[in-house]
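Based on the provided sequences and hints, a complete structural model is requested.
From first to last, the protein sequence lines stand for chains A and B. In my numbering, each number is its position in the first sequence, counted from 1, plus 279. In my numbering, each number is its position in the second sequence, counted from 1, plus 63.
Covered stretches of chain A, going by a simulated chain B footprint (3 or more residues, C-beta under 8 Å):
1) 316–327
2) 342–351
3) 445–459
Simulated restraints, written as ranges between beta carbons of each label pair:
4) VAL529/A / ARG104/B: 26 to 34 Å
5) SER480/A / GLU124/B: 40 to 48 Å
6) GLU287/A / GLU124/B: 33 to 41 Å
7) GLU90/B / ALA443/A: 16 to 24 Å
8) ASN444/A / ARG104/B: 34 to 42 Å
Hints listed in this document are in silico derivations from the structure and should not be mistaken for laboratory results. Glycine included, every Cβ here is placed at the ideal spot set by N, Cα and C.
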Amino acid sequence: MSKIRTGEITTHVQRLPATTAPALGGEPQVVVFVHGLLTDSLASYYFTLGPAFAAAGHDVVMYDLRGHGRSDRPRTGYRLEAFVDDLAALLDGLEITGRVHLVGNSFGGTIAAGFAAWYPDRVATITMIESEPPVALWNEHMEAGLADAKTHLVLEESIDWIAANHGAHTARLSRNAGRILRTTTLAEDVPLSRTIDDDLSALTCPLLAVFGDESGLSAQAPDLEKRVAGCRTVILPEQGHSVLVEQPAVTRDLILEWVAEHTPAGALR
Amino acid sequence: MLRDLLAEEGLDDVEIDRDTTFHDDLELESIDLVTLAGSLREHYGEKVNVALFVADLELDEIIALTVGQLVDYVTQSLRSAP
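Right under this line is the structure:
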């Protein structure tokens with residue numbers, strides 16, 4: 280297991296080096312995958328997109344966010360900017376100095392957008408899967424959602440209900456999420472995160488946004504396309520929030536094509 | 064290897080056979096499977112690529128993965144390697 284110091288915490292990272300030469304020539308692109316909040320870890324990518332990207336000639340970096348998986352879980356320090364700075368420290372630690380392609384799922388997409396806004400020189404493209412950029416409205420959504428989660432997921436009867444209605448697997452994920460909420464200030468910190476302006480002028484790199492049409496988040500698609508130059512949105516029909524888990528092959532192909540389109544042929548990254 | 068992982072979870076006396084599932088019987092999470100995949104790769108080398116093996120499975124199949132299935136995969140990979 281590979282652990283690396285990122286500021287005041289240690290971060291669990293898994294790399295899958297490119298197993299073939301990049302199809303378009305040039306140096307392999309570095310693709311960094313950022314997972315979602317509470318019920319998630321780097322395993323979501325390790326067992327879905329990661330191997331396919333390495334097989335397509337990319338250097339894959341997957342890591343556990345602070346508080347999640349096998350990374351450290353400090354009691355405090357869970358505003359978005361801390362997650363963004365962890366990512367910068369991780370790239371420094373791995374000696375990755377060129378521009379990277381960031382792929383984020385849910386909260387991970389918000390981290391990707393924050394990173395693109397605050398470290399624009401380090402980013403080639405970002406992909407947001409079922410995510411919102413870190414604008415003021417996002418903080419409001421997170422405040423409501425996390426307060427609700429903290430009320431329910433720490434109760435044993437809620438976990439029993441989840442087990443009965445959604446199965447043992449989801450119940451176990453929920454119990455773990457409850458543990459994070461109970462032992463850290465995450466639910467209080469995230470809604471106080473640093474934001475970017477509503478006009479999204481801080482996002483200057485190409486953006487791919489993938490949504491499920493049933494999740495509600497897809498309503499942002501027109502605004503994203505209008506406000507971010509080089510933005511492409513894809514809305515998958517009859518799909519809820521769990522795009523990555525329920526449609527890994529579709530998601531993989533969309534992002535592989537996107538990264539290939541944004542790889543300078545024969546050029547150094 | 065699996066014993067080491069289970070010992071970390073305080074489960075060092077649990078019985079394991081081919082039908083034991085990682086998820087329900089051993090209560091391992093997917094992130095534990097990542098750790099196990101890493102240990103297998105370190106031990107056997109690049110030809111044992113559990114990430115690739117599991118990436119081809121559906122979520123339900125990953126949840127139902129048994130010790131026997133993983134053993135078969137590792138055995139096959141080692142046999143087919145040059």
